[in-house]
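Colleague: Fit chain B to the given chain A structure using the hints.
Residue numbers (my numbering), protein chains in the order written: chain A, 1 to 480; chain B, 1 to 165.
Hints may contain errors.
Stated by the list, open to error - Here are some of the chain B residues that sit facing chain A, going by a computed Cβ distance under 7 Å: (1) GLU47; (2) GLU50; (3) GLN101; (4) LEU102; (5) GLY104.
What the hints assert, rightly or not - Here chain B is said to cover these stretches of chain A; the calculated rule only asks that three of the stretch's residues, wherever they fall, bring their Cβ under 8 Å from a Cβ of chain B: (6) 147–153; (7) 438–447.
In case anyone wonders, no lab produced these hints; they're calculated from the structure.
Every residue, glycine too, gets a C-beta built ideally from N, C-alpha and C.
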Amino acid sequence: MGEAVKQGRTIVIDPVTRIEGHSKITLHLDEDGAVEEARFHVTQFRGFEKFCEGRPFYEMPSLMARICGICPVSHLIASAKACDALLAVTIPPTAEKLRRIFGLAQVVQSHALSLFHLSSPDLLLGMDADPAKSNLFGVAEENPELARDGIRLRQFGQEIIERLGGKRIHPAWIVPGGVSEPLTEVNRDAILSAIPDALGIVERTLEWFKGRMENFREEIASFGNFPTMFMGIVKQDNGLTFYDGKIRIIDAAGKVVADALDPKRYFDYIGEKVEPWSYMKSTYYKPVGFPDGIYRVGPLARLNVADRCGTPRADQELAEFHELQRTAVLSSFHYHHARLVEMLYCVERMEQLLNDSEILSQRVRAVARPNALEGVGACEAPRGTLFHHYKIDEQGLIRWCNLVIATGHNNLAMNRSILQVAKHFVRGNHLTPGMLNRVEAVIRTYDPCLSCSTHALGEMALRIELLSPSGELLDEVARG
Amino acid sequence: MPRVLIVAYGNPLRSDDGVGWVVADELHRRLASPEVEVVRLQQLLPEVAESVSRVETAIFVDASRDGDPGDIRCQPVAAPPARIQFSHQLSPAEVLGLASQLYGATPQALCVTLAGECFEHGEGLSEKVAARLPLLAAAAEQLTKKILAGPLASSLPSQEDEAAS
Chain A
1 MGEAVKQGRT
11 IVIDPVTRIE
21 GHSKITLHLD
31 EDGAVEEARF
41 HVTQFRGFEK
51 FCEGRPFYEM
61 PSLMARICGI
71 CPVSHLIASA
81 KACDALLAVT
91 IPPTAEKLRR
101 IFGLAQVVQS
111 HALSLFHLSS
121 PDLLLGMDAD
131 PAKSNLFGVA
141 EENPELARDG
151 IRLRQFGQEI
161 IERLGGKRIH
171 PAWIVPGGVS
181 EPLTEVNRDA
191 ILSAIPDALG
201 IVERTLEWFK
211 GRMENFREEI
221 ASFGNFPTMF
231 MGIVKQDNGL
241 TFYDGKIRII
251 DAAGKVVADA
261 LDPKRYFDYI
271 GEKVEPWSYM
281 KSTYYKPVGF
291 PDGIYRVGPL
301 ARLNVADRCG
311 TPRADQELAE
321 FHELQRTAVL
331 SSFHYHHARL
341 VEMLYCVERM
351 EQLLNDSEIL
361 SQRVRAVARP
371 NALEGVGACE
381 APRGTLFHHY
391 KIDEQGLIRW
401 CNLVIATGHN
411 NLAMNRSILQ
421 VAKHFVRGNH
431 LTPGMLNRVE
441 AVIRTYDPCL
451 SCSTHALGEM
461 ALRIELLSPS
471 GELLDEVARG
Chain B
1 MPRVLIVAYG
11 NPLRSDDGVG
21 WVVADELHRR
31 LASPEVEVVR
41 LQQLLPEVAE
51 SVSRVETAIF
61 VDASRDGDPG
71 DIRCQPVAAP
81 PARIQFSHQL
91 SPAEVLGLAS
101 QLYGATPQAL
111 CVTLAGECFE
121 HGEGLSEKVA
131 ARLPLLAAAA
141 EQLTKKILAG
151 PLASSLPSQE
161 DEAAS
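The shape of chain B in the complex, shown without the other chains:
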């Protein structure tokens, strides 16, 4: 049974939005272990809540539109907002909210993002994002190993922007 679930999501046909998928491939190779599960998704759907409810920690990896291209951020995922207009795509916080509401699970959760530069149609990453990819993979890898090795609370960042940017 995995203890850590890494959910890398985005659209790999939208240039930098696919950065999560590239990192997922790398993490899958580096973190091969029954304690870690890595999944690649185009978007966060309600089903993810059930998967998240079964682990101790969920790490969401995504491209971000916020910040300067190449910025890497690691933030704890907070409680869901009070008002949610759900179509069929959720935010990490909403996934956590559903996991709690439906399955009574309150796993720790983090969101690791890399700010993208280009979100137009295309399968490649922009230069700035591609250059930061090794750092993003290393940050997610270290974070996962820390979580697996130590007490959960001490391994999680308490403020925004924990990872190097």
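Chain A on its own, in the form it takes in the complex:
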């Protein structure tokens, strides 16, 4: 757990632990010590949107993959799709299937990292466990099979990425127009042979998780359990997908708010707002406005907006998941459950794709010069919907770039979730590690990737506040 410091009427948890990136949380207390406001501050800063200006467009997939060491494949896919649009090509069907497998493998390894390595200490040992033991070593001591399963499942995803892309981190195999190399028979067979083991791990972890849910009634009731909209890409038949499709938005009651939205026109319906206390932008649904246009993305949202998965076991689990609530499933605690259902789908879907009769085809890349000056690529990253939008000049150099990142979509919901958890569990006059761990744990349900979401440069406002020991604002310097 991060260190908690009480400064007057403000509690600062810095850093937030067991998440991807650097951040802090401030809780503002009233005179009786009750929480009245909470904020999630993203304190790291990247700037990718700015420094890629002037680079040749074909460098973008490799450059963008550097945004993140956990989900580089999603950035590769979204970037390559934006470049496909600049080339105005339809990529070969086998290339598309290979890209899909690549993306699914990454979802498995990323979800496994989140669930097993970062959140399983809370799920296994409880929210009030000794902070010194609330880590992977504590899990290894209490339930070594669970810890081994987490390691094996991440290896499974990483090994597929390595077999297809040549390396585990920042592979450059996905290129504008397709992929650089076809899949070999040896690699296909090796991946297929590992699938039963991976399926077994996900199946038993799902059963284990469902058996634990009874212990977290209070957390389910208070971890981001409030009405919002949910957004995700779905296939034409409203099935789960990570690669391509249409944008679907539903409300908290589960009713469709917007359907068949074109991801390439994201700017028509998604607004981005800069807050003075964070380097991460907040997005909102434009027709409703800010902040009421709050929505969530990622595993919970994808399962809420999807009618089916399209693979046998995942479809069974999705039906059970939808039974959790008559409306949309609202509690962010269920992100964990959704992650497991998605991993099941990913492994099953990879098997389907690897058994496709065309999967070893040598025709995997369309070659063309730029035929358009603007392109948008979208996909579902592990943490939610990802958009890459580029404008180039006649020489093919990037003139403008906008990235809308999954974690940014969830920013409003994460802040509201922290407030809900803090109001429910934290009493400023008697802090306990369990209280503060819950404040961090609700953030972990979203699995935020802060490296991905702090890329804007030159538009971020900044505010420095000087607080008295009693929490009064003594001075303030603001920019932007």
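Modeller: Coordinates of chain B only, in the frame set by chain A:
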């Protein structure tokens, strides 16, 4: 099945922090053998514990912030500390601890480090580190060959700073 696993780790975009990767390339060339596996990683993750559990000896190669720039050290890796705040990056000792806890494996392990001078953004090594690179590669190579040739215990240093500095 490899008997020795060389884990070179660091960030090659952070100047001297990438020294492990440069050495790994050299060792991969010099020690080409089914008995030796060389891997390059940005950081030590729990998965490394499984790999380490399958070998007799693990050698971790890394840049260090301790010591004068260019200092080369070779230390046995000790048991893990009692209290670990894991995010998702481990130390060699923690990797060993997990290998023991999860897989019942207790391989011998060494950490070979070269003290860096510059850890800022950049792909090149500082002059001092680059000048010591051949010595680091030679030390790791000799150590590996000794391990492969002789009884394990006698080939491992018992105290810090075994390699020339």
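Colleague: With reference to the structure, classify each hint as holding or not holding.
Modeller: These are the hints, each one checked on the structure:
no.: 1; hint: GLU47; verdict: holds (5 Å)
no.: 2; hint: GLU50; verdict: holds (5 Å)
no.: 3; hint: GLN101; verdict: holds (5 Å)
no.: 4; hint: LEU102; verdict: holds (5 Å)
no.: 5; hint: GLY104; verdict: violated (10 Å)
no.: 6; hint: 147–153; verdict: holds (count 5)
no.: 7; hint: 438–447; verdict: violated (count 0)
Going through the hint list in order, the structure does not satisfy hints 5, 7.
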